[in-house]
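Engineer: Sequence:
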Amino acid sequence: MSHWQVDLYIGHYSELYKRQDELSILLSEDEKARAARFISNTVRDRFIIGRGFLRKTLARYTQTPIRFIYGVRNKPYVKGVSFNLSHSQDVLLLAVTRGEVALGVDVEAIRPMKEMETVARDNFSDWEYQQWSTLPQSTRTKAFYTCWTRKEAYIKAVGDGFALPLDAFDVSVLPDDDPPDILRADGDDPHRWRLYHLEPEAGYVGALCIAGEAEISVPFD
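Following our numbering, the numbering of the sequence shown begins with 1 at its first residue and continues without gaps.
If you are wondering where the hints come from, they were derived from the structure by calculation, not from laboratory data. Please note that the accuracy of each hint is not assured.
[What the hints assert, rightly or not] Simulated crosslink set (SDA-like; lysine to any residue; CA at most 20 Å straight-line):
| # | residue 1 | residue 2 |
| --- | --- | --- |
| 1 | LYS56 | SER24 |
| 2 | LYS114 | SER133 |
| 3 | LYS32 | SER2 |
| 4 | LYS79 | THR57 |
| 5 | LYS142 | TRP127 |
| 6 | LYS79 | SER2 |
| 7 | LYS18 | HIS87 |
| 8 | LYS79 | GLY99 |
| 9 | LYS56 | GLU29 |
| 10 | LYS79 | ARG46 |
| 11 | LYS75 | ARG46 |
Take the sequences, apply the hints, and build the full model.
Structural biologist: Shown next, in the form of structure tokens:
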């Protein structure tokens with residue numbers, strides 16, 4: 001199994017808003033036009049910040065201005081670099097590695113959800129739901145987002161987006177599963193993937209999925 005050095009970059013919208021003008025300059029004309037079409041100022045600003053943060057960070061690896069190539073489902077690629085970006089509430093989480101490998105990352109703020117039981121029942125596999133629903137009530141919220149981010153990270157790594165049924169694979173559910181794992185994946189070999197549990201900061205949980213072994217680091221700016 002191949003080994004990869006994966007760098008995780010953590011950004012915060014609350015801080016990056018102060019640099020929005022600087023980040024907006026980095027966007028392509030197409031991205032600027034897309035941003036202008038958003039009706040919501042908040043959505044527009046978060047799009048500009050997210051794309052600017054992505055471009056600025058990736059330029060460290062290419063040493064040149066970023067030119068995205070768009071593939072299946074309009075997913076952006078950069079030659080010689082693999083990356084994936086996720087965001088939730090104030091946090092952006094970007095995973096980057098040199099070379100070309102399938103990877104996905106996801107992050108979620110741990111927060112109450114009225115419909116959590118229904119969402120879990122409708123979106124988790126039968127096995128995942130059984131594991132989650134038998135947990136003590138005090139641990140279910142974190143376990144819900146743990147399972148959710150692992151599923152999202154796998155889907156993003158595979159590259160099928162929501163075309164892949166969420167009940168077509170099983171992931172381990174508990175935050176302290178060591179290591180976290182993909183236990184079943186219809187039409188895929190789960191052993192070619194590795195899952196990594198992430199807690200980028202207090203109140204957030206995340207996951208990295210990669211086709212190989214990863215050594216994870218968090219570079220200092």
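Engineer: A separate judgement is required for each hint: does it hold in the structure or not?
Structural biologist: Here is what the structure says about each hint:
no.	hint	result
1	LYS56 <-> SER24	10 Å, holds
2	LYS114 <-> SER133	15 Å, holds
3	LYS32 <-> SER2	38 Å, violated
4	LYS79 <-> THR57	15 Å, holds
5	LYS142 <-> TRP127	18 Å, holds
6	LYS79 <-> SER2	19 Å, holds
7	LYS18 <-> HIS87	18 Å, holds
8	LYS79 <-> GLY99	8 Å, holds
9	LYS56 <-> GLU29	16 Å, holds
10	LYS79 <-> ARG46	25 Å, violated
11	LYS75 <-> ARG46	18 Å, holds
In summary, the numbered hints that this structure violates are 3, 10.
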